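Asks: The lines below spell out each chain.
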Amino acid sequence: MVDGQGQVLRVGCAAGFSGDRTDAAGPVVEALAAAGGPAVLIFETLAERTLALAQLARRQDPDAGYEPLLDDLLRPVLARCLAANIRIVSNFGAANPEGAARRIARLAAELGARPPRIAVVRGDDLSGRLDTLGDVARGLEVVSANAYIGAEAIADALSAGADVVVCGRVADPSLVVGPALAHFGWARDDWDRLARATMAGHLLECGAQVTGGYYADPGLKDVPGLARLGYPIAEIDADGHCTITKPAGTGGLIDAHTVKEQLLYEVHDPHAYVTPDVVADLGEAVVTELGPDRVRLTGVRGHPRPADLKVNVCHANGWLAEGEISYAGARAEARARLAGRVLRERLPALSLRLDLIGVTSVFADDAGRDLADRIPGDGHDVRLRAAASHPDRATAERLNREVTALYTTGPAGGGGVRTSLRARLGTVSCLVPREQVPIAWSFSE
Amino acid sequence: MNAPSFIHVPLHRAAHGRTGDKGNRSNISVIAWSPALWDTLVAQVTEDAVADLFRHRRPTKVTRHLLPNLHAMNFVLDDVLDGGVNDSLNLDSHGKALSFLLLDLPLSISPDLAGHLRGPSDTFPGDLP
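If you read the sequences in order, they're chains A and B. The opening residue of the first sequence carries number 1 in UniProt numbering; numbering runs sequentially from there. The opening residue of the second sequence carries number 1 in UniProt numbering; numbering runs sequentially from there.
Among the clues, some could well be false.
[Claimed, not checked] Below 30 Å or equal to it, Euclidean Cα-Cα: the simulated DSSO-like pairs (lysine-lysine) are:
id: 1; chain 1: B; residue 1: K96; chain 2: B; residue 2: K61
id: 2; chain 1: A; residue 1: K310; chain 2: B; residue 2: K61
id: 3; chain 1: B; residue 1: K22; chain 2: A; residue 2: K310
id: 4; chain 1: A; residue 1: K221; chain 2: B; residue 2: K22
id: 5; chain 1: A; residue 1: K310; chain 2: B; residue 2: K96
[Claimed, not checked] Here chain A is said to cover these stretches of chain B; the calculated rule only asks that three of the stretch's residues, wherever they fall, bring their Cβ under 8 Å from a Cβ of chain A:
id: 6; region: 22 to 29
id: 7; region: 47 to 58
id: 8; region: 67 to 75
id: 9; region: 82 to 90
id: 10; region: 106 to 120
[What the hints assert, rightly or not] So, partial list: chain A residues that the calculated Cβ filter (under 7 Å) puts toward chain B:
id: 11; residue: K260
id: 12; residue: L264
id: 13; residue: E266
id: 14; residue: P270
id: 15; residue: E289
id: 16; residue: L290
id: 17; residue: R353
id: 18; residue: D366
Keep in mind that the hints were calculated from the coordinates and are not lab data. Here the structure is a predicted model, which means the values were calculated and not measured. Idealized CB from N, CA, C, for every residue including glycine.
Working from the sequences, and respecting the hints, build out all of it.
Replies: Right, dumping it as structure tokens:
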């Protein structure tokens with residue numbers, strides 16, 4: 001992409017997690033096409049546990065294991081992107097990037113589009129190489145083990161002419177750093193520029209969270225058109241600084257406050273935001289409103305990338321049981337508390353979490369300190385929720401039977417029992433020297 | 001007449017924030033609605049104040065990172081998620097609602113800063129000019 005050097009690179013984001021809206025891409029692609037010039041569309045569809053679910057899906061069906069909504073995400077925009085030379089970069093390969101690539105090739109054919117050059121990035125999946133992980137996975141029933149790999153393979157694939165780059169577990173911001181590296185031809189130790197592109201990626205990676213999604217609080221933080229949010233576009237310059245904007249005519253809001261909220265999202269030490277590509281430093285970052293729905297981020301600095309890559313290991317972790325029942329009207333709270341005491345007495349083998357929804361629930365803690373400290377009140381519409389986990393399925397399931405039995409054995413007037421039981425996944429993480437992670441890419445056959 | 005007394009408001013009238021999680025660690029940003037409020041936030045939204053607000057969740061450590069350029073601070077609360085997204089039995093196992101626990105922190109605001117506060121003023125009726 002050396003031709004485009006110096007020109008602004010536009011990167012649009014049309015998904016921030018697996019399960020995000022699938023109609024977000026259309027306006028983003030139209031805005032990228034209308035702007036002309038080099039452009040990339042990213043979809044970020046992996047969270048900490050999504051890969052484990054994808055591995056489980058692949059065990060059931062060797063052709064599965066990639067983003068289940070891949071078709072819904074790409075069908076509306078794939079042909080348009082290919083026609084307008086908008087590259088697509090995504091981690092929607094999840095546990096089966098090759099399978100995703102084959103599906104995209106078929107989809108392009110179905111749509112009558114030109115055959116895309118699809119690159120597959122590999123090496124993040126360490127589930128067959130647990131020996132590299134040290135002690136962390138010992139004794140666990142491992143479902144998935146994936147290293148967070150960086151931007152280089154993406155950049156190389158784009159430089160070699162890929163129209164679509166399908167990845168598994170790359171670090172989210174690397175979806176933007178890769179295209180920026182390929183477009184601007186930066187040195188791979190140009191830490192300041194890499195850090196700036198990383199923070200552009202960080203602003204984009206949660207989709208609408210920077211354009212007014214997950215921000216609205218009526219009367220305090222009003223966001224227009226929340227039901228038709230525009231997803232973000234970053235205009236990245238040759239120094240890596242970015243301006244965040246969104247397609248004209250869409251809903252949502254970009255101002256200094258929405259950008260700052262997302263800038264710090266899931267950041268710990270803002271002076272050392274660690275990714276596989278660089279350690280970004282926000283200490284001198286500046287957020288400037290350039291105009292309506294246009295905000296610029298400058299001042300980000302970078303430090304050398306870490307020697308190790310983070311690996312997330314998901315493992316089978318017993319069973320989670322949840323049961324709920326409602327009490328309403330006079331003395332509802334007292335009846336709900338009594339029902340909770342009955343459950344505790346009947347289930348001594350389970351460490352129960354009890355919530356009184358409508359009194360205290362999400363701010364409370366698993367140990368019940370918040371509930372215990374709260375003076376019994378006059379809640380008139382209270383839902384008792386009980387939850388417990390246990391390695392043994394039958395033991396966990398006892399909770400659901402006891403909540404159900406409250407219909408005829410519990411306090412007066414209980415109703416609306418719902419129960420669920422599901423397998424749990426646990427996560428542990430460790431660091432692995434990057435030399436031990438066999439990162440590679442190739443064009444899909 | 002006495003000098004005007006301080007106004008008592010919840011933190012959400014002076015700042016906004018968002019929660020993130022990694023494992024059993026929560027991070028909560030606190031972003032001033034106005035640069036004029038920054039010094040007040042730095043003085044009152046302290047590690048100790050936040051640790052006290054979250055004491056029932058037993059944080060093993062509360063760290064505050066200041067970003068004066070952005071008029072923002074970031075709190076990192078270790079071990080407050082009952083094990084994290086896979087292990088907590090909380091309905092909100094990510095702890096995504098926790099910014100709203102922090103945003104209820106009571107603040108004392110000098111009356112001359114009242115114009116920089118945001119949002120409905122009916123939270124503590126009578127206290128505002």
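Asks: So, for every hint listed, does it hold in this structure?
Replies: Against the structure, the hints:
Between K96(B) and K61(B) the CA atoms are separated by roughly 19 Å; this keeps the pair inside 30 Å, and the hint holds. A hinted pair counts as satisfied when its Cα atoms are at most 30 Å apart, and K310(A) with K61(B) qualifies at roughly 23 Å. With a C-alpha separation of about 12 Å, the suggested pairing of K22(B) with K310(A) holds against the 30 Å cut-off. Of the supplied pair hints, the one linking K221(A) and K22(B) holds, its CA atoms being roughly 26 Å apart against a limit of 30 Å.
For the proposed pair K310(A) and K96(B), the alpha carbon gap of about 23 Å is at most 30 Å, so the pair holds. Look at the region 22 to 29 of chain B against chain A: 5 of its residues bring a Cβ nearer than 8 Å to a Cβ of that chain, three or more, so the hint holds. Coverage of the region 47 to 58 of chain B by chain A holds in this model, with 3 residues showing a Cβ closer than 8 Å to a Cβ of that chain against a need of three. Given a C-beta distance limit of less than 8 Å, the hint that chain A covers the region 67 to 75 of chain B holds, as 5 residues qualify and 3 suffice.
A stretch counts as covered by a chain when three or more of its residues have a beta carbon under 8 Å from one of that chain; for the region 82 to 90 of chain B and chain A the count is 9, and the coverage holds. With 3 residues carrying a beta carbon less than 8 Å from a beta carbon of chain A, the region 106 to 120 of chain B meets the three-residue requirement, and the given coverage holds. For K260(A), the interface hint holds, since its Cβ comes within 7 Å of a Cβ in chain B; the closest pair sits about 5 Å apart. For the restraint placing L264(A) at the interface with chain B, the shortest Cβ-Cβ distance is roughly 4 Å, inside the 7 Å limit, so the hint holds.
Evaluation of the E266(A) hint against chain B yields a held restraint, the C-beta minimum of about 3 Å falling below 7 Å. At a threshold of 7 Å, the smallest CB-CB gap from P270(A) to chain B is about 5 Å, leaving the interface hint in force. About 13 Å separates the beta-carbon of E289(A) from the nearest beta-carbon of chain B, more than 7 Å, and the hint is not met. For L290(A), the interface hint is violated, since its Cβ never comes within 7 Å of a Cβ in chain B; the closest pair sits about 16 Å apart.
The interface hint given for R353(A) is met, as the beta carbon of that residue sits about 4 Å from the closest beta carbon of chain B, less than 7 Å. For D366(A), the shortest C-beta to C-beta distance to chain B is roughly 4 Å, which falls under 7 Å, so the interface hint holds.
The structure fails hints 15, 16 (numbered hints given earlier, in ascending order).
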